[in-house]
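Participant: Sequence:
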Amino acid sequence: MTFQKQRIAVLGAGQIGAIIAGMLAEQGHEVTLADASKAQLAHAAGKRFGTAVVDAADLGALSAFLRDRDIVVSACPYFLNKGIAKVAAETKTHYFDLTEDVATTAYVKELGRSADVALVPQCGLAPGFICILGADMAARFDSVRTIKMRVGALPLYPTNALRYNVTWSVDGLINEYCNPCEIVFDGQSTLVPALEGIEGVMIDGVAYEAFNTSGGLGTLTETLAGKVRNMSYKTLRYPGHAEIMKLLLRDLDLADDRETMRRILSHSAPFTRKDVVVIFVTGVGERAGRLEEESVVLRYDGNDELGAIQLTTAAGCVAMIELFLAGKLPAKGFVRQEDAALADFLATKAGTRLVREARGADASGLKLAPAIKNAA
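Each residue of the sequence shown is one higher than the one before, counting from 3 in the working numbering.
What the hints contain is simulated information worked out from the structure, not anything from laboratory work. Treat the hints with care, since some could be wrong.
With a cut-off of at most 20 Å between alpha-carbon atoms, the simulated EDC-like pairs for lysine to aspartate or glutamate come out as follows [as the list claims (entries may be wrong)]:
id, residue 1, residue 2
1, Lys229, Glu294
2, Lys84, Asp57
3, Lys229, Asp144
4, Lys330, Asp57
5, Lys49, Glu294
6, Lys229, Glu288
7, Lys7, Asp72
8, Lys334, Asp72
9, Lys334, Asp346
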């Protein structure tokens with residue numbers, strides 16, 4: 003397919019937005035990175051893309067900014083995305099975001115019923131890449147008993163009691179630790195509390211804990227309704243993290259004072275690029291009359307120039323934009339992550355990078371030998 007240069011706006015010049023802008027610019031698109039903060043934009047100076055001071059919360063200014071853009075990518079905090087999506091639909095600008103927020107996704111889905119452009123929320127890692135992996139895993143069986151998805155974005159060298167460093171949005175982190183979590187249990191979609199369901203997991207000799215967090219399944223519960231008996235998403239952390247977070251959010255009631263919680267994390271858990279992203283997907287089901295299990299385990303290591311969460315989130319988003327421009331996703335309306343076939347996703351430029359940089363990934367594409375067992 004002939005390359006078509008797009009005019010793309012990326013909103014939010016934080017840890018992920020600038021990386022997305024750079025990846026899209028490297029592919030030849032005309033990219034403008036926008037943020038309300040001149041200081042944030044200054045960090046991105048000298049790149050291949052332009053910059054603009056735009057407050058995404060000012061919907062009038064945002065509308066004027068988007069009128070001559072083909073695509074907008076929101077790398078803003080989740081609570082801004084409803085307004086951004088509404089303006090995108092009104093200005094007929096194709097919309098992509100990184101939200102894990104369930105309410106925001108429901109709002110975007112409703113917008114998509116009458117939109118003349120594509121609205122593609124939940125891009126990135128989890129939801130995002132993990133949903134595509136999960137849907138592909140389910141499709142490998144004649145009937146599916148269980149799909150488990152586990153993802154962790156962690157410091158490579160934990161140095162505090164939380165054993166955690168900020169590697170992405172603090173607002174998004176708090177949101178997924180506080181809101182109810184959707185799972186499928188015994189064929190029925192149900193809600194369970196965040197920070198519960200703690201299980202011990204060991205991957206490649208490293209001990210982790212996994213627990214419920216909100217939003218990671220994306221739209222998979224709807225997509226796989228009636229096709230899977232049990233399905234869950236949990237976040238991976240180093241052991242002990244969940245209990246400390248429950249102390250802060252529940253015993254000290256900071257779930258009802260998220261601004262204070264945000265200040266605590268922002269001042270006590272410093273940002274690091276020396277991070278690691280661990281992805282684990284396992285499926286159990288019947289194939290040719292036999293009960294079988296299959297697993298995929300991936301690991302990405304960050305470095306001084308690019309963190310692992312930056313790579314996986316940005317590449318997950320850019321790959322979806324590539325697929326959309328190639329005509330491999332719906333042209334308008336609400337688009338789910340699992341509308342993308344895994345093979346197509348991995349064949350994009352951004353997807354190829356995910357294959358290349360995954361530890362242990364082989365040439366056949368993210369088909370790894372099982373490397374996980376329950377520690378319990």
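Participant: Taking each numbered hint in turn, which are not upheld by the structure, reported in ascending numerical order?
Facilitator: Per hint list: 4, 5 violated.
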